[in-house]
Amino acid sequence: MQCTVGIDLGSTTTKAVILDLGGNIVGRGITNSRSNYEVAAAVARDEALTAMRFSLLQRALDEAGALGRAMDKPLGDAFRLELYLVELTALQREIERLLDQPAHAKMRDVLRPAASDILAEMTRTAPELFAPGAERKSDFFRDIAGAVFVRLAENLCGAPQSPVPFERLVGLYDRAILDVETRMERRDFASLLDRAATRVVPRDPAGDQLRARMVQVGRTPIAEVAFVGTGYGRQTLPFPPETVRSEILCHGRGAHRTFDGTRTVLDIGGQDTKAIQVDGDGVVTSFQMNDRCAAGCGRYLGYIADELSLGLHELGPLALQAKKQTRVNSTCTVFAGAELRERLALGQRREDILAGLHRAIMLRAMSILARSGGIDNEFTFTGGVCNNPMAVKVLRELVIQNYGEHITVNTHSSSIYMGALGAAMYALDDHRQGKGGMMPMFAQTAEAA
Amino acid sequence: MAEAPGKTAPAAAKDDSQKRQKDMIGAHFAKLARAKENGQKVVYTFVPGNLTELITALDLLPVLPEINALQSGMRKKSAVYIAEAEKAGHSEDVCTYVKCDIGMLKSGNIGPTGERLPEPDLLLLSYTGCFTFLKWFELLQQEYHCPVVMLHVPYQPDGVVTPAMRQYIVDQLENEVVPALEKLAGKKLDRDYLAEKLKLSAQAEDDLVWVWESARHKPSPIDGYFAGVYYIGPIFSAFRGSQDAVDYYRLLRSEVQARIDAGKGPTTPDGDLDDQAVRLVVEGPPNWTSFNDFWHMFSKEKAVIVASTYTRVGGLYDLGFRHDAADPLGTLADYCLGCYTNLGLPSRIELLAKYVRDYSADGFFINSVKSCNSFSAGQLLMLREVEKKTGVPGGFIESDLVDPRYFGKANIENRVQSYLQMLHARRDRSLSQIPARTTAGVQGVLS
Amino acid sequence: MTPPQDIQRSPQPNGRGNDPCATFIGRARTLFDDKALDHVKAWKAAHPGALAIGHMPIYTPRPLLEALGCLPVAVFGGGEEVDIIRGDSYFQSYICHIPRSTIELALSGTYDVLDGMVFPSICDVIRNLSGMWKMLFPDRYAAYLDLPQNFNSSIGGRFYLHELRRIANDLTARGALPLDDDRLCRALADENRRRRAIARLDALRRTDPWRCPASEAYLLVRAGAGLLAAEHAELLEGFVEAAPRRSGRPLDNVRVVLAGSFCEQPPLDLIVALEKAGCDIVDDDFQLGLRTIEGDINEEAPDPLAALAQAFLDQGRATASRYIDKDEKGRALIDQVQAAQADGVVFAAASFCDPALLDQPMLETALAKAGVPFTSFKFAENNGQFQTIREQAGAFSDSVKLWGAAH
Amino acid sequence: MNATTASPARTVDLDKPWQVTAGIDAGSNAVKVALVRSRGGDDSELVALADQRIRRRAVGEVIDATFAEACGKANLRLGDFDYIASTGDGDAVPFRSGHFYGMTTHARGALFLDPEVGGVLDVGALHARALKIDPRGKVIGHRMTSQCASGSGQFLENIARYLGVPLQDVGELSCTSTNSEAVSSICAVLAETDVINMVSRGMATADILRGIHLSIAGRLARLIKAAGAEGPVLLTGGLALDRGLLQACKTALEETQGRRGMLAKAPIDLRSHPHAMFAGALGAAILASFRWQQLARAGRVDLLQAAVAVA
Ligand SMILES: Nc1ncnc2c1ncn2[C@@H]1O[C@H](COP(=O)(O)OP(=O)(O)O)[C@@H](O)[C@H]1O
Ligand SMILES: Nc1ncnc2c1ncn2[C@@H]1O[C@H](COP(=O)(O)OP(=O)(O)O)[C@@H](O)[C@H]1O
Ligand code: SF4
Ligand code: SF4
Ligand code: SF4
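In the order they appear, the protein sequences are chains Z, R, V and D. Counting in the working numbering, the first sequence runs from 515 upward without gaps. Counting in the working numbering, the second sequence runs from 3 upward without gaps. Counting in the working numbering, the third sequence runs from 779 upward without gaps. Counting in the working numbering, the fourth sequence runs from 723 upward without gaps.
Hints are computed from structural coordinates only; laboratory data are not their basis. Treat the hints with care, since some could be wrong.
So the derived label-pair ranges between C-beta atoms look like this [stated by the list, open to error]:
| # | chain 1 | residue 1 | chain 2 | residue 2 | range |
| --- | --- | --- | --- | --- | --- |
| 1 | Z | Gly647 | R | Ala279 | 54 to 60 Å |
| 2 | R | Gly273 | Z | Glu756 | 17 to 23 Å |
| 3 | V | Glu1078 | R | Glu198 | 51 to 57 Å |
| 4 | R | Ala412 | Z | Arg910 | 29 to 35 Å |
| 5 | Z | Arg910 | V | Asp1047 | 45 to 51 Å |
| 6 | R | Ala412 | Z | Ala619 | 27 to 33 Å |
| 7 | R | Arg407 | D | Arg775 | 30 to 36 Å |
| 8 | Z | Arg697 | R | His426 | 54 to 60 Å |
Here are some, though not all, of the chain V residues that point toward chain R, as calculated from beta-carbon distances under 8 Å [what the hints assert, rightly or not]:
| # | residue |
| --- | --- |
| 9 | Ile873 |
| 10 | Asn906 |
| 11 | Ser908 |
| 12 | Lys912 |
| 13 | Met913 |
| 14 | Phe915 |
| 15 | Asp917 |
| 16 | Asp924 |
| 17 | Ser931 |
| 18 | Ile933 |
| 19 | Gly935 |
| 20 | Ile1102 |
| 21 | Ser1129 |
| 22 | Asp1132 |
| 23 | Pro1139 |
| 24 | Gln1165 |
C-beta: ideal position from N, C-alpha, C; glycine also.
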């Protein structure tokens, strides 16, 4: 099967979208951006390929009748669990390696048993994380494993007279995860799927038959024929220059394709906010970005979440419970944390402050929007921050208030992928013009057939 | 208003006119360095609305602190100077030209040619189009304790010069400025000599306008911004009204003519820009500390600048103004009133739109500098209004004149590139043939 | 139990319950909070056909506007409460705050009640704002008022008279009364009365700062933004007469002069924060637009317009917007410190305010030479956090208190 | 320790030569307490120190706990104090007798720790400030970082966390760097991205830390000079413990001084002290004694009585 790939390497997350040659979206993938861009891009793309295979698989399962359909969800969870376990093993290896280094000579005897206890416990309880209905604070290994590790470390070190220093133990994790993340683990879809299936598919003739189908799907060859990369700091992207497109163009195009009446796009990512105006063909006519200060971008919410030990997912829903919006003045990302602490100490409600913080960000976004030319009729909100329901709510209110009731405000469950989608569309353009075929290094070595 | 910036000049091969300009400047600074021993008096003044003919007609030597500041920027000295001024209590928020100048003063007042600049005998505060000028010379006055003479040039809010405005300036020239300069020079102003100078000014001005207008050709034989700042060197500074300036512009004109004949574009840091994909008009001063980097961002995407407003800060000759020997003080008043930054926003918007149309530009670009409220306050409105009037898209970045802290290279490059790619994409729109909405999207397990 | 403190820091006079000044302060506060300009609407309703003319905060000849039958309305930006959305889309982050909130309010219709705007030449930002106004509101009157920087009456004075007449003629053409000497004389007399009332308020602040904290004085002066001079004078006089009956006692504070806030205004809470940090602000340059002339204007001159112009040339208060040609930069400030018997100076300039910030080093030099302690910080009208400012002002008052004003 | 229970007024002995005082520095990140015995601010003698990080606890709770810890070490009770001075967030210390502002206390504390200093560089979680002080500890010049948080402890903490280096090892590690590169961004948030870029280029952790230290140090060096300090300067606040920062600051200062050495000023000699983190609390305690005597001399029994009423 032939397809084109678009990758949006953002400051916070890396997204990939795969289109078939008819322009249909056949796979999406996301991962956290990390210190090794190449790995981040490769992982996002692997995720997208995995999604693509899963969608093929879904079709196969559907055809396989009731049992197949029943397996769809459990299989997905089990597959995630397998991936998690693979990375957990890598983490364990890395921690062992670190402990052998001379820097840890003094504390080694205390840290090693503590770490191995924690890791054993993590492996044991891993299936709970992926059980049906389980809630995860994030989709990324770094965050999921980190949360569990810190919780277990707190338990261990919190005990009176515990000889294990908490900061060192957590430092060990932070150090190890950095290295784990920068290494590319080869992902063998077929065998992972097989292991996942072993967990959930019944061991009976019907199940065996299903597994056979799955193996088949897992091995369908996929050929990537064109590629476009985009994203923050395009100068340092690990893509060949011919394949790089401005993120402004990609976001505009992706959003326009998803909602074709859109003339205005607002993208709030981790470190930048962009307001983009597009014409009837999705081509950008003007844009504005935040200035050199990162104030009021997604990272701001990240800091706040850290400050409150919450997951990013939880921030918006909590803010939605506000009774009133506290007026928050700091849009400086770093000071917002201090202001939050100060206000909490004054006894203000957490929800109300959070609501104020969300409003502060959205006010800034509104100015950038106004700078780019405002909104005339249909408007689409994209980027990671639109996963945050409070941000969406506040924005919607502000837009209606400032531009009128007649404005259509779109958000989409996969708005975070708009940049990657636009990139994949440009890749398809290239392919159709015979300019495709240029692949980044990592894509040449990965699983593609 | 850049004069040839010595060793930081573009890597491009030097034209004869450039060499000539360099010699002129060298000679001027040499004269300045020896001013005190030769008993010559020195007048500091500003570029917009400068009274060079009047100053030189009395054999006084002009020094233009703005140009010293921008050259410090090009020579990578400005960061240290600015730090010096901030240490002395100057705010981070204010114009960096002033701080650069103050810092340079505090570090020994070494000019661009490595020679020490003479202290002023008089500060001629030509308060034209910029409030900061006023404070700048108040500050210098505290340092040098020399007399200041103020020439307040009223602002043109509606693009109209009223008789009262003109009269106000002539009154000041007649009663305050000329007497102060005469006193300093120790002699009476020879009005015939002044008229002669004004005649020479007008000659050079004719040729400069010809050069600007050559950008109507395709490809444009000049870059009206990055190279343009070199072209304005002599006429906006100490040389207007001199035979040297007349000769320089004659030479420049013949060089440009040769490029037109050969169908060639201007010389840039990336070589000759003959293949011009995009024609732009630029508003706002350039950044001096990363001048070549900034230029490169455009030239590597094959963008040529066909006109710019910054090169009009010292006079809008292309709108028809010429110094008029028949009415010396009146013509100086008109000159002062007509500088670009002395115009109200509506006039500035008109002018930009006119440039976009006259020079058939594909877009216009605003470099908004933190230092300069005179230029920058209102540029975001200009952006939208010019887009509305011309239908071509505008680009916008923020940087600074001589403070390298405010030139975020990656960020600026990202914007410039996005902007230029947008211009390209708008032209290639026919290529987007993918159906706008497709239904067969996959809501995969992982999304 | 209340925490014991060696200093009672409350800036409010005690005995709030039956404060003889409550009505005056209440009125001022109501006017301050009337961001929608309802009082201007009411005035216009009561004076059918009369114009209300807005002006930016400095050297606006309000008596001239009054003489034309207009209500002058000083526009001081949006303060803390206004959300800036569109305003930010007109101004880059390195430009001060007042023009953006002014634009925000204008675009949201708050200034629809104003029939025109006067933009006196304060600085390049306001100058360019006048042009923006003309583009954005082409149907409304907007005048840029160029103030002469030449103070010779036959040169700068002549030009200024032209400017004043131009504006008067423009307004008359738009329905204001024609310029008339009698009316102008009366307006000058009203202005003089108002100025004297402000002078009495200032005197009270100096002798009994606890009877009139700066935060209240601020509100009382600010009340005049949208009042005719006579009415404002009445309010001020009422307060000054009632104030001696207020209870309370002096606090162990230091006395400071505040400088730098002549255009964009600090949030009221910042003034309160300074007071809480132990500083009695005994003089300031807040809202200079309402008190730009020092001493009386000659209200009996045969040519009152010339008298008004002359007052600007000779008696205009020294500010950063004005070219000071003699070598006495800072003299005015030192005089102010001495007159107020202040222990020091607090520079509070709006962030990115070029006139104030460019002036400051020169003023600091002058103060240092005169041995007057000073401290400085920047603010924006919508600042909400005063931690650093409080720290700084506190350190300043600590050191004056612990070691005395002199070095 | 219940500070809010009223107790009978105590008599105040105005001629008392020694005062026992406490300084409580309620910071944004940590609470520091110093107990001092002093003769009106002279001959001060350290009695006990305690500090606790706030982390996510309620500030009031941490203050009570830290104060109790210090009292426990010295075997003192609330009633034994003549004057308790707060600094930092004074409102959080309901049992204070008086309050002094941070710059005042850091200046005084620094002078106590190192009597030679003429300047202080106080770097805490969210702020940095440079002071020029006179021999009495009076602040005669200062500069602070403005709105922007870049260049402060919180930033360093975040980076350390990202790199997996425990805070207390940051300094040592940075000192081992051989090949560093300054971080260019002025924004703390954007600087994090710079750091990520460095990691991606395979740069050694020590070099990255050193790079950050150098960029913060550049800013701090400018701050000190702008404040006008000369000669010996004490580094105080939480980051005083960070040897890497100290070293980087020294380097930064040398560089700028070397460049324009002709100015006839005493070169800045940046120093550290093991108790430098407590400068604020110490200063507050010493000034408490000074103020006590000032009030006593002025006969302000009312205020002194109020000061001890809590005990
Ligand atoms: N699940 C989520 N819930 C709430 N907010 C989220 C979620 N995922 C991401 N975000 C927000 O989106 C931001 C990242 O946006 P993204 O578009 O991925 O940025 P970039 O393109 O710069 O990498 C985060 O900083 C966070 O604020
Ligand atoms: N051992 C250490 N090494 C480096 N930094 C430290 C160390 N201990 C504390 N810090 C830093 O000091 C900061 C706290 O400083 P402090 O002056 O107490 O701030 P505040 O007064 O605002 O609470 C923390 O942000 C932390 O980063
Ligand atoms: S630290 Fe805060 S204020 Fe400073 S640039 Fe970053 S986000 Fe902006
Ligand atoms: S503010 Fe602008 S015009 Fe004025 S001196 Fe600075 S750069 Fe020049
Ligand atoms: S605050 Fe300052 S810079 Fe801003 S408009 Fe007023 S005078 Fe101009």
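Checked hints:
1. Z:Gly647 with R:Ala279: 54 to 60 Å: Holds: the Cβ-Cβ distance is about 57 Å, inside 54 to 60 Å.
2. R:Gly273 with Z:Glu756: 17 to 23 Å: holds, 21 Å
3. V:Glu1078 with R:Glu198: 51 to 57 Å: The hinted range 51 to 57 Å holds for V:Glu1078 and R:Glu198, with Cβ atoms some 53 Å apart.
4. R:Ala412 with Z:Arg910: 29 to 35 Å: holds, 33 Å
5. Z:Arg910 with V:Asp1047: 45 to 51 Å: violated, 31 Å
6. R:Ala412 with Z:Ala619: 27 to 33 Å: violated, 41 Å
7. R:Arg407 with D:Arg775: 30 to 36 Å: The hint (30 to 36 Å, Cβ to Cβ) holds, given that R:Arg407 and D:Arg775 are roughly 34 Å apart.
8. Z:Arg697 with R:His426: 54 to 60 Å: violated, 38 Å
9. Ile873: Where the cut-off is 8 Å and the nearest Cβ of chain R is about 6 Å from V:Ile873, the hint holds.
10. Asn906: Given a least distance of 4 Å, the restraint on V:Asn906 holds.
11. Ser908: holds, 6 Å
12. Lys912: holds, 6 Å
13. Met913: holds, 6 Å
14. Phe915: violated, 12 Å
15. Asp917: violated, 14 Å
16. Asp924: holds, 5 Å
17. Ser931: violated, 11 Å
18. Ile933: For V:Ile933, the interface hint holds, since the closest Cβ of chain R sits about 5 Å away, which is under 8 Å.
19. Gly935: violated, 10 Å
20. Ile1102: holds, 7 Å
21. Ser1129: This interface hint holds because 6 Å falls under the 8 Å limit.
22. Asp1132: holds, 5 Å
23. Pro1139: Nearest chain R Cβ about 4 Å off; hint holds.
24. Gln1165: violated, 20 Å
In the structure shown, a violation is registered for the earlier hints numbered 5, 6, 8, 14, 15, 17, 19, 24, in ascending order.
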